[in-house]
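Asker: Spelled out from the first residue to the last, the chains are:
There are 2 protein chains.
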Amino acid sequence: MGRVVVEVMPKPEILDPQGKAVVGALPRLGFTQFTGVRQGKRFELEVDGEVTPEILEQARKAAEEVLSNPIIEDIVAVTDASADAGTAPVAQRAGLA
Amino acid sequence: MGRVVVEVMPKPEILDPQGKAVVGALPRLGFTQFTGVRQGKRFELEVDGEVTPEILEQARKAAEEVLSNPIIEDIVAVTDASADAGTAPVAQRAGLA
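These protein sequences, in sequence, are chains A and B.
Under our numbering, the first residue of the first sequence is numbered 9, with each subsequent residue one higher.
Under our numbering, the first residue of the second sequence is numbered 9, with each subsequent residue one higher.
A portion of the hints provided could be inaccurate.
Which copy is meant is left open, so a pair is good if it fits within one copy or across any two.
Derived BS3-like pairs: lysine-lysine, alpha-carbon spacing no greater than 27 Å straight-line [unchecked claim]:
(1) K49 / K28
(2) K69 / K28
(3) K19 / K49
(4) K69 / K49
No wet-lab data here; the hints were simulated from the structure.
Chain A on its own, in the form it takes in the complex (with noise of 0.2 Å):
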């Protein structure tokens, strides 16, 4: 089973309110080595087989008309993220399932 990553993140010029609240929370909670937070979005899109160039392609023309809204985002990444899926779900990788 394939795996792409869309990672998606607002354009700096386009005030982030989710972001500026986590940067405002940071301090308050003994975090204060952080000058700045963005908050965005990360879509894991499954495949049935194994990710080829075309696969990614389309990945990316969905990433751009689909995943983000170009007036406010920027697709920041594309990747092919197979290798780290193997064929278990996130939780499992990251030894938390």
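Given the coordinates of chain A, assemble chain B onto it according to the supplied hints.
Answerer: Relative to the frame of chain A, chain B by itself:
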């Protein structure tokens, strides 16, 4: 300027309505290759200096305590992304600014 990226995904056993909506929309829009979609979050934490092992450890702690809900979410990755970042904002890195 350093940057730490934190990636958070809903646990596999947790219903993910946003992912479900996307996987339902994709075939209608011509993307028939994708059998499953999960939607999670991606945070960029900025620090003034370099990303030291201590900073990375603090980011890991912040990921557990502030950026994710351990009941329903897994932390997939906490990585030093300073090398990707340089001094340029995300959009410039992606060549989209």
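Asker: Compare the structure with the hints numbered earlier in the document and write down the numbers of the violated ones, lowest to highest.
Answerer: As far as the earlier hints go, not one is violated by this structure.
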